[in-house]
Amino acid sequence: MKVKVRFLQELYQIVGKHEVEYELDDSATVEDLLKILPEKVKEIVLDERGGIRYPAEVAVNGRRIEFLDGLKTRLNDGDVVVVSPRALFVV
Amino acid sequence: MEFKLLRIDLTEWRAKEEVLKDGIMRKYIGGRGLGAYLAMKEIPPHINPLSSENKIYILTGPLTGTGAFETGRYHVVGKSPLTGILGDSNSGGQFGPWLRFAGYDGIVVEGASDEPVWVSIVDGEVRFHPAKRLWGKGVVYTEKKIRAEMKTPSEHIGSVLAIGPAGENLSKIAAIMNDKYRAAGRTGLAAVLGYKKLKAIFVKGSRKIEMADKKKFHEESKKILKKIMEHPISDALGKFGTAVLVNIINAHGAFPTKNWTRGTFEKAFEISGEYLAEKYLVTNKGCWGCVIRCARVSKVDSGPFRTPVSEGPEYESIWAMGANTLIGDLKALIKLNYLANDLGFDTISLGNTMATLMELYEKAKKGELPEDKAKELLDLLEDIAPEWGDPHAFIQAIWRAAYRDGIGDLIAEGAKRLAEYFGSPDSAIHVRGLELPAYDPRGINSMALSYATSNRGGCHLRAYSVSFDVLGVPEKFDPLAIDKRKVELVKYQQDYFSVIDSLVLCKFNTFATDHTDYVEILKAVTGWDDLTADELLIAGERIYNLERLFAVREGHGYKDYLPKRLIEEPLPDGPAKGKTAKEALETYLPYYYELRGWVDGIPKKETLHRLGLEEFEHLGA
Chain F
1 MKVKVRFLQE LYQIVGKHEV EYELDDSATV EDLLKILPEK VKEIVLDERG
51 GIRYPAEVAV NGRRIEFLDG LKTRLNDGDV VVVSPRALFV V
Chain W
1 MEFKLLRIDL TEWRAKEEVL KDGIMRKYIG GRGLGAYLAM KEIPPHINPL
51 SSENKIYILT GPLTGTGAFE TGRYHVVGKS PLTGILGDSN SGGQFGPWLR
101 FAGYDGIVVE GASDEPVWVS IVDGEVRFHP AKRLWGKGVV YTEKKIRAEM
151 KTPSEHIGSV LAIGPAGENL SKIAAIMNDK YRAAGRTGLA AVLGYKKLKA
201 IFVKGSRKIE MADKKKFHEE SKKILKKIME HPISDALGKF GTAVLVNIIN
251 AHGAFPTKNW TRGTFEKAFE ISGEYLAEKY LVTNKGCWGC VIRCARVSKV
301 DSGPFRTPVS EGPEYESIWA MGANTLIGDL KALIKLNYLA NDLGFDTISL
351 GNTMATLMEL YEKAKKGELP EDKAKELLDL LEDIAPEWGD PHAFIQAIWR
401 AAYRDGIGDL IAEGAKRLAE YFGSPDSAIH VRGLELPAYD PRGINSMALS
451 YATSNRGGCH LRAYSVSFDV LGVPEKFDPL AIDKRKVELV KYQQDYFSVI
501 DSLVLCKFNT FATDHTDYVE ILKAVTGWDD LTADELLIAG ERIYNLERLF
551 AVREGHGYKD YLPKRLIEEP LPDGPAKGKT AKEALETYLP YYYELRGWVD
601 GIPKKETLHR LGLEEFEHLG A
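So the sequence lines, in the order shown, correspond to chains F and W. Mapping of the first sequence onto our numbering: residues 1 to 91, in sequence order. Mapping of the second sequence onto our numbering: residues 1 to 621, in sequence order.
To be clear, the hints were calculated from the coordinates, so they are not data collected in a lab. Everything numeric in this text was worked out from a predicted model, so none of it was measured. Some hints could be false.
Below, a list of computed lysine-lysine pairs in the BS3-like style, where the Cα atoms sit at most 30 Å apart [unchecked claim]:
| hint | chain 1 | residue 1 | chain 2 | residue 2 |
| --- | --- | --- | --- | --- |
| 1 | F | K42 | W | K476 |
| 2 | F | K4 | W | K258 |
| 3 | W | K363 | W | K267 |
| 4 | W | K476 | F | K72 |
To spell it out: a stretch of chain W is covered by chain F in this simulated footprint if at least three of its residues, at any positions, have a beta carbon under 8 Å from a beta carbon of chain F; those stretches are [claimed, not checked]:
| hint | region |
| --- | --- |
| 5 | 226-240 |
| 6 | 243-250 |
Cβ coordinates follow ideal geometry from the N, Cα and C atoms, glycine included.
Hey, can you work out the whole structure from these sequences and the hints?
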């Protein structure tokens with residue numbers, strides 16, 4: 001399956017693209033997706049134990065993963081995953 | 001503490017000084033709170049906001065210009081020509097501090113001049129200057145001419161507050177501008193200055209701000225500054241500006257698009273803070289004494305949207321004039337932002353009003369407006385075809401709105417009056433007549449309560465409940481889940497933000513701080529040694545109730561509601577697809593009234609008594 005990943009803020013600057021499409025196994029989770037992101041992105045988003053590093057945030061189709069199944073959230077073909085280096089905050 | 005007011009009588013071109021008592025200051029703090037109190041005491045009920053009886057209060061707060069942290073702002077209060085109830089707005093830049101350095105903590109603009117005038121205040125000396133040659137001119141030119149006349153070319157010294165043609169021509173969505181690109185935009189108070197024929201105020205001086213305990217002030221100041229600097233939001237604001245929100249709110253499906261008929265915009269990235277930083281940003285900039293520096297300095301080099309180096313655009317302006325009208329070209333939005341600033345418009349209200357116009361135009365063409373009204377609209381538009389997403393039509397319209405030419409005469413009245421005039425009132429998305437800002441409560445449900453109960457009308461700055469529904473400050477919530485604890489936080493924010501607006505601080509402090517952080521520093525400045533955190537928060541609650549009483553006294557504007565579209569029409573797209581704001585509002589409002597001690601939007605007499613508002617008890621329920 002294919003999912004679209006949107007990179008925000010500094011992650012956009014690192015990747016150089018706002019949206020990148022990734023090919024994943026049909027049973028892939030958010031955790032599987034994060035593992036194949038560029039190293040520099042992973043350094044910001046993931047902590048030593050593979051969890052989400054504060055204050056980064058990940059959302060699937062506009063829902064933060066903490067309100068879904070966290071890193072174990074299953075992905076589906078066509079999903080849009082937003083990865084942000086800090087809380088998906090607003091002002 | 002002493003609070004020195006300058007009363008400017010424009011009828012007689014006279015000024016006099018007045019020192020406010022410590023007791024009033026401690027009860028209402030300054031800025032927004034003090035303005036609400038003075039307006040309630042001095043502006044007679046039921047007056048026409050566009051008359052010489054209305055007053056405009058331009059106020060600082062006890063921390064303004066102290067250099068502590070984000071203390072570079074000022075607050076404006078008066079009866080709003082847009083909403084007919086108490087209006088107020090807040091602006092950054094450097095006018096607030098320079099007003100204090102010029103010798104005064106606040107200005108009350110009274111009466112009305114027969115001819116255009118501008119006022120200079122330099123080290124306590126007030127002078128009136130004929131402004132005939134500035135009338136009709138833009139804000140940028142006005143500042144340039146006044147600085148030349150005052151022999152103060154450096155923009156780091158002194159400050160100019162001005163209105164543009166929009167305010168002069170009594171547009172109800174006109175903004176009071178300062179430092180060229182900063183706006184006290186909301187509630188149309190620039191039209192009141194326009195009525196009074198006050199074009200501008202220049203301030204400069206070298207007065208030192210007195211403090212009860214300077215050493216303690218510096219210690220406390222450092223503590224707060226550290227919290228702000230360490231917060232991840234402060235860093236993001238400096239790098240990407242407020243428009244860092246575009247992608248975030250769009251991802252949540254709460255980015256109002258096409259006049260609030262959708263929750264996501266396909267061109268969001270192309271108008272985002274990230275894209276702005278990459279393509280058009282010259283540098284970032286801060287208000288006076290600011291460490292966050294969220295302001296953008298941008299430019300467009302060539303083409304039809306060429307724009308000189310200037311400030312902006314902010315998240316709200318990008319959204320209102322962009323996604324909400326389907327304009328997805330950031331160059332065009334930078335141009336529109338520049339024009340809106342120079343002509344002196346509130347970009348939130350203007351963008352909403354243009355989105356309303358585009359919807360009306362579409363309806364007229366489809367035969368969905370009353371026939372006579374459709375014909376009148378098409379006639380008035382003359383050569384303008386306000387199609388969705390067309391920046392050229394917007395540019396034509398904004399100019400006409402500023403000078404009330406043709407259709408511009410109705411655009412200048414704001415979205416509500418425009419939509420009502422053409423027989424389609426639900427095409428205007430507003431609360432109490434004030435157009436809503438850039439968060440759809442169908443996707444961030446606490447905003448349903450924040451908007452509905454906002455005293456000045458549709459506004460995100462009375463309670464910024466997005467902070468807990470999306471950011472997780474002070475704790476995380478699911479923006480789509482109904483949770484009554486959100487009601488407690490909305491009330492808390494309304495009271496806390498009333499304190500912040502009265503101290504006159506930047507709201508970007510509030511992600512890293514709560515009301516308890518300001519007790520010691522306020523003691524150090526004012527000498528109120530027995531001040532407690534509870535007292536400060538109760539002052540905020542007092543202010544919130546007092547503002548509500550202004551509406552009660554007017555006999556309208558105290559009903560809490562949301563626009564029909566947000567209650568009845570589910571979002572068709574994004575993560576909040578299928579949601580309306582109905583359930584949230586119906587669940588939250590009764591509990592809110594219980595917490596507030598209100599009945600159907602009116603404070604109970606016992607509530608007023610508890611808050612020390614006995615002198616207004618007759619207005620209570």
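Now for the hints, and whether the structure bears them out:
1. Simply put, K42/F and K476/W have alpha-carbon atoms about 24 Å apart, close enough for the 30 Å limit, and the pair holds.
2. Note on K4/F and K258/W: the hinted pairing holds, with a Cα-Cα distance of about 25 Å set against a maximum of 30 Å.
3. A hinted pair counts as satisfied when its Cα atoms are at most 30 Å apart, and K363/W with K267/W qualifies at roughly 24 Å.
4. A C-alpha spacing of about 20 Å is found between K476/W and K72/F, which places the hinted pair at or below 30 Å, so the restraint holds.
5. Coverage of the region 226-240 of chain W by chain F holds [criterion: at least 3 residues with CB-CB distance below 8 Å; count 7].
6. Beta-carbon proximity to chain F at under 8 Å applies to 5 residues in the region 243-250 of chain W; the threshold of 3 is reached and the given coverage holds.
Checked against the numbered hints given earlier, this structure breaks none of them.
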